[in-house]
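Visitor: Residue numbers (the numbering used here), protein chains in the order written: chain A, 758 to 1175; chain B, 758 to 1175; chain C, 758 to 1175; chain D, 758 to 1175.
Do not rely on the hints blindly, as some may be mistaken.
Identical copies go unnamed one by one, so any copy, or any two together, can satisfy a pair.
Derived pair list, reagent style EDC-like, types lysine to aspartate or glutamate, alpha-carbon separation capped at 16 Å [said to hold, decoys possible]: (1) K856 x D1076; (2) K919 x E888; (3) K797 x E1130; (4) K882 x D988; (5) K919 x E953; (6) K1087 x E762.
Bear in mind the hints are in silico, worked out from the structure with no lab data behind them.
In case you want the letters, here they are:
Protein chains: 4
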Amino acid sequence: MMSKEVFEKYESNVRSYCRKWPVVMKSAKGSYYTDVDGKKYIDFFDGAGALNYGHNPDFIKERILEYIESDGITHSLDMFADSKEKFISYFEENYLIPKGLEYKIMFTGPTGTNSVEAALKLARKVTGRSEVWAFMGAFHGMSLGALSLTTERYARGGAGVKLTDVTHIPTPDYIDGFDTIKYMRTILDDDHSGIEKPAAIIIETVQAEGGINVFSVDFLKELRKLCDDYDIILIVDDVQVGCSRTGTFFSFERAGIVPDMVCLSKSIGGYGLPFALTLVKEEYDKFGPGEHNGTFRGSQISIVAAKAGLELNKLEKVDEKVKEKEQIVKDYLEKEIKPLLDENETYRGIGLIWGICFKDGKLSRAVLDKCFEKGLIIELAGRGDSVLKILPSLLIENETLLKGLNIIKESIIEVKNQ
Amino acid sequence: MMSKEVFEKYESNVRSYCRKWPVVMKSAKGSYYTDVDGKKYIDFFDGAGALNYGHNPDFIKERILEYIESDGITHSLDMFADSKEKFISYFEENYLIPKGLEYKIMFTGPTGTNSVEAALKLARKVTGRSEVWAFMGAFHGMSLGALSLTTERYARGGAGVKLTDVTHIPTPDYIDGFDTIKYMRTILDDDHSGIEKPAAIIIETVQAEGGINVFSVDFLKELRKLCDDYDIILIVDDVQVGCSRTGTFFSFERAGIVPDMVCLSKSIGGYGLPFALTLVKEEYDKFGPGEHNGTFRGSQISIVAAKAGLELNKLEKVDEKVKEKEQIVKDYLEKEIKPLLDENETYRGIGLIWGICFKDGKLSRAVLDKCFEKGLIIELAGRGDSVLKILPSLLIENETLLKGLNIIKESIIEVKNQ
Amino acid sequence: MMSKEVFEKYESNVRSYCRKWPVVMKSAKGSYYTDVDGKKYIDFFDGAGALNYGHNPDFIKERILEYIESDGITHSLDMFADSKEKFISYFEENYLIPKGLEYKIMFTGPTGTNSVEAALKLARKVTGRSEVWAFMGAFHGMSLGALSLTTERYARGGAGVKLTDVTHIPTPDYIDGFDTIKYMRTILDDDHSGIEKPAAIIIETVQAEGGINVFSVDFLKELRKLCDDYDIILIVDDVQVGCSRTGTFFSFERAGIVPDMVCLSKSIGGYGLPFALTLVKEEYDKFGPGEHNGTFRGSQISIVAAKAGLELNKLEKVDEKVKEKEQIVKDYLEKEIKPLLDENETYRGIGLIWGICFKDGKLSRAVLDKCFEKGLIIELAGRGDSVLKILPSLLIENETLLKGLNIIKESIIEVKNQ
Amino acid sequence: MMSKEVFEKYESNVRSYCRKWPVVMKSAKGSYYTDVDGKKYIDFFDGAGALNYGHNPDFIKERILEYIESDGITHSLDMFADSKEKFISYFEENYLIPKGLEYKIMFTGPTGTNSVEAALKLARKVTGRSEVWAFMGAFHGMSLGALSLTTERYARGGAGVKLTDVTHIPTPDYIDGFDTIKYMRTILDDDHSGIEKPAAIIIETVQAEGGINVFSVDFLKELRKLCDDYDIILIVDDVQVGCSRTGTFFSFERAGIVPDMVCLSKSIGGYGLPFALTLVKEEYDKFGPGEHNGTFRGSQISIVAAKAGLELNKLEKVDEKVKEKEQIVKDYLEKEIKPLLDENETYRGIGLIWGICFKDGKLSRAVLDKCFEKGLIIELAGRGDSVLKILPSLLIENETLLKGLNIIKESIIEVKNQ
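Only chain A is shown next, with the shape it has when bound in the complex:
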């Protein structure tokens, strides 16, 4: 049987990305995939944000190999483990404490959705309120609690039950001039709004799946203030845009705010291994022992990789690199891509997450296909899938970055000229 036939015959119909890029991948390094025929592809998809340091970075790889070879603990739930102690100390002492963030670390099941479920449960428990607010355009995961927050109609349609206990709030300028902060304050104060005071407000400071929507620093500051004023827990979902994606390790640092809880997954694992954390201010750390748990919350190989990832991040001065490369992308988009766009098309982003917003999903899809032909893996996002999402590794060489951008440019030209 041919390779791809195996998938068609035996894998569930739910498979998706493989439909966009129908080649079988065999190995990967840095910003490149290599398929079974030896063909190479530049990766601007980055495992949906799970590979911020690129594929199989040697620094982390060596530590994993060493750990496995030594028969270090692989799996031990939340027993005390040497590797875990080292991760905790390192993360607290080199990241959290220097940044003034006094968080307890909760090891949840190893996925973003699990980190979000844990935060939701905890916020509801400590406040005694069940409602949570999320923003239109939000994506927070696919298990039932997180899915209630997620706004994508297609994803919600798969639930099969009513998604409850969440109110979706329009983002700034959702309709012209819409003032989100004022709206939230008004419905909280209004004894006839019909909307309950929430346990928490959850936000991605940059909506990734929602179409690369960057919340402004002012907005984030005002949101923090609103949460303070009304005693609402502020949860930042940094699953996709954390770990230096936007130019600081935590995406909220640019606003100078401190969320009450932070959801981390994807690149916190460093090497693309399943891993997730929920950071919680001590005053909200009120779960009883095991009140939220999960078999893989202590996957030690992920933990070893995670610590190595944090070390690598410092070693490589990733935040600085992101800022340099952000400028490269921004300039390229302004000079090379913007002239190709129609009036109602645009681009936007921050750090190393950028979107080119086409007028419809047909166009963006055609560009994606063309990019793939030319050897670039890149994904769509946003309303009607109309946004081409540029999400390279944070350690991508500038040359490869430009090569990828050039493929996009050429693809747009070819598609628009068809």
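With chain A's structure known, arrange chains B, C and D on it following the hints.
Guide: Just chains B, C and D now, with coordinates in the frame of chain A:
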């Protein structure tokens, strides 16, 4: 700072197992943990069922190391990957097809709860019904959809929202003489039962967390028939008791039934790495592309380990070994433990999952503590945590098995004599 | 346009009883309806229990006429009204206090479903728990809160939303030997039942719509004890079987128990006018002012009729009459009807609510039709509508009662001989 | 015992209006109440809209007395009744058909909340969608389904369960410049709004309890169009502002729109007797027989009163009268009241429902108390109860109307000068 202080200072209060066994583990092999001081512990806990082949089995370890060294794909969501193709082919051709099981394989997020969430969503979608039935005593996970199925009061209390869309059905003899099948048929037929026909019935053929409750072969056959008669989807949650734990690869094989969906996680990954699958009959494989997804649904190192685990299982003739060791445990419990028990105490189990049911949780907890003192890691389960759960690796040497059983025996004696 | 055409043309398809008895009624007195053509019908339907004293009893009629003529207040919400004061005093001093029932009287919207909604809200508010338990076979109303309690599948199907926050408990012997009290105690004690401790348990001491299912005195006593032991509010829904229907003013008097809340409607109004009350023990009387309200909670003509009805009940010694007539019905069913029934058919009841249980709904419907031909209005109830419900006025003359029973007998004979 | 003591001793704490006007009323006629001491009060409260033709109008009173005296049917559920046929014919032929409204008439339980519950269930059933949209400020009733629509925080707090299946939409200018129609269209079109397409949108064309908020004709037209464009059912809740309150029999006539369903209660009964209807376009008349029902849906005395009320309305040319009196109120508010108001205070209304909006609820409450001292019964509404609601009978004599308005004026002066 001392090792343990790091956890107390920085880890969330939700940490649990470490409270039972307050030593820091450093490495593990086979059925033994070794702590940072070099002390060894026999493992009858088995990562809550994630380590059926023991810690770090060399057969799998070698394949993982080789794969990592070769820069095989680590993370690729559900893109086509060479390693994944190999797993799918192997699993279908060496397990599913020979057993007459025509399942499509759905790669869900890498945890049991995610596999259950996927099955729930799919069952609800294909039937258009929202209700699902689970059994009292059930444990199916901790994210919101799965938590609605889980019966443990403590776990449910953490939800912070109403858990809906599930009806819990009493198990056979829940109260004396209770006929579960007759009850389910009656409420389905009764136009005044107030209970909706469910999309699905989900069952662990042996309730593990619920206290090692083994459903009889007759019950399982009748349940399958009931589902056929009423057009209800039968989901077997084999997360903890699959992968040969009960003496056959799938736990339902002993009843000769074919579920419509099967949830697998924990030991399907072979090496304790996060991995989960949902197996689905083709007629129910109705998710659209990406309608359920997740970042880590294609964790290739887990997939490589999973394939190696399946190979190892065959190589070691694990099913046969389980049957031999089952006899050892059974005999030991009958001859050595039963005489120590009170009238209202008992033991029960199948394969290599057994429970010693004490009259209360205080007693079982005292036995656990004593076992730990004597170098045995073992966990509790069931009502009031009153069941001591014997869950060794399926490849445990007979000598170690007996050593562990002896520790239990001595611990009971000491505790009962206090 | 002919009379009936008006209804077919303009009235909603939801109309129901008129389909069973397609004649247009013009007047009514005592136990008789008279149609527009002057034909008379004996009434064994009794406005579904709203006309315990028969149609238009003169004693009440005179008081209503007098009140209306004097321009007494008709509508005043819950302002203080002279007529309401008189009703409250009379009810407390002549019914509640002498019976040792220390209830506060809550005037809800004027329907049974509203009385139930009020009790539900209050029980949930005072306990802080959302779950309520009702029994399989229960009927408590058709607005959303009450409908969640109601078990009839057809009625529930009309909701259009998930009916939540209710667990339905099987009645004694629901399946052979089922011990309802033991079951409830078990699930309350079991930390793995998956079922929440409820705010309240609601019961009709005789399920009317459910098919004339009489709960035993022992069961009611044990239920009261269970509620005491677990601090659960006991609500008796006496909407259909209160007001002396079972031989005592409140249906629970035969068990010597005191519910925490009592729902009254239907015959409490005396004359068939819309009226409802919720009686509440002082300790649970915790609604804030107007926290549950409704435009017609103070319909003074109903209140005047209600007081007159209470007086009439005493004057006519209705409880004694019911006991005499109960004997007549019982004897008749035993001697005249039982011999006509098959082995799997039976009869049951108490006071003046009795059911003849046919083996299927086709048969009961045929008997109903035949009864109507012969001038008797009688309704069905229960599973598959297979129970013929005998519900005459409590003041029916013995002669008319026997006439109606004879019609039933003849109808059964004719139907069974077809 | 003194009159009032009876209520304090025996009536539930939920009693509310009696706390504002602590006198015991004995009789009422036209626009006047008389208390037990013979003191008269002008009524600007109007039974919360249930007494549009004033207290005990002779035209209706005579018909009721005659009907009761003749032993006309009082209660017959939804059997065919002569009185009901006459009501249906009259309403269809003299109101609905001449206005071009082709509605089926559904007789629901006799309260506004029941009419709303029926409409909700039906809209959900026919569309297969569960979500319903209501507007911030809305009041639609207190039983669970209707309460989910109602926005008043205090009322919602009494539910004791999560209120689900409803999204509340901000009204025009809820925050400055908010465009409600554009917002609704945007979230319907947006595949990432997180808000489901509803079965129905329900609206009071003038929010009464919400504080006399008059939706503009343009808004109502655009709302009708939106519902047409998206295939959403439009329900007008005319419970409080129907029956000529706003100057046309149905409140939506001023906008020239035809809702798909209309909820009627309160003054449709003419005489303050419990009565409610749901009008439904034939295409949506899809309930099965009895799928929604209720004991008092065929209260014939209410039906007789309702028909008489419809006749009286025509006889008295009520719509014309309302327009005359509207001018009187408007002029008075402009000339006499406005000068007394602060900058951030205002008045608004239409027909004979007007609100004086004070800057806070303390002030409005003080004015209410002062009015009561001076012999005027008048109620509050709106945010923080800050709106004094002028709701006189539609047949009030101009002299009494002015007398009442003068009392308001004097009360404001006195309160503001304190």
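Visitor: All hints are to be evaluated individually against the structure, with a verdict given for each.
Guide: Hints, one by one, checked against the model:
1. Proximity of K856 to D1076 under the C-alpha cut-off of 16 Å is restricted to the intra-copy arrangement: shortest distance 14 Å within a copy versus 53 Å between copies.
2. When the C-alpha separation of K919 and E888 is checked against a cutoff of 16 Å, the pair qualifies both within a copy, at 14 Å, and between copies, at 9 Å.
3. Taking identical chains as interchangeable, the C-alpha atoms of K797 and E1130 lie at most 16 Å apart only when both belong to the same chain, with a minimum of 11 Å there against 56 Å between chains.
4. For the identical chains of this complex, K882 and D988 are intra-copy neighbours only, at 14 Å inside a copy versus 23 Å across copies, given an alpha-carbon limit of 16 Å.
5. Proximity of K919 to E953 under the C-alpha cut-off of 16 Å is restricted to the inter-copy arrangement: shortest distance 10 Å between copies versus 18 Å within a copy.
6. When the C-alpha separation of K1087 and E762 is checked against a cutoff of 16 Å, the pair qualifies neither within a copy, at 41 Å, nor between copies, at 46 Å.
In the structure shown, a violation is registered for the earlier hint numbered 6 alone.
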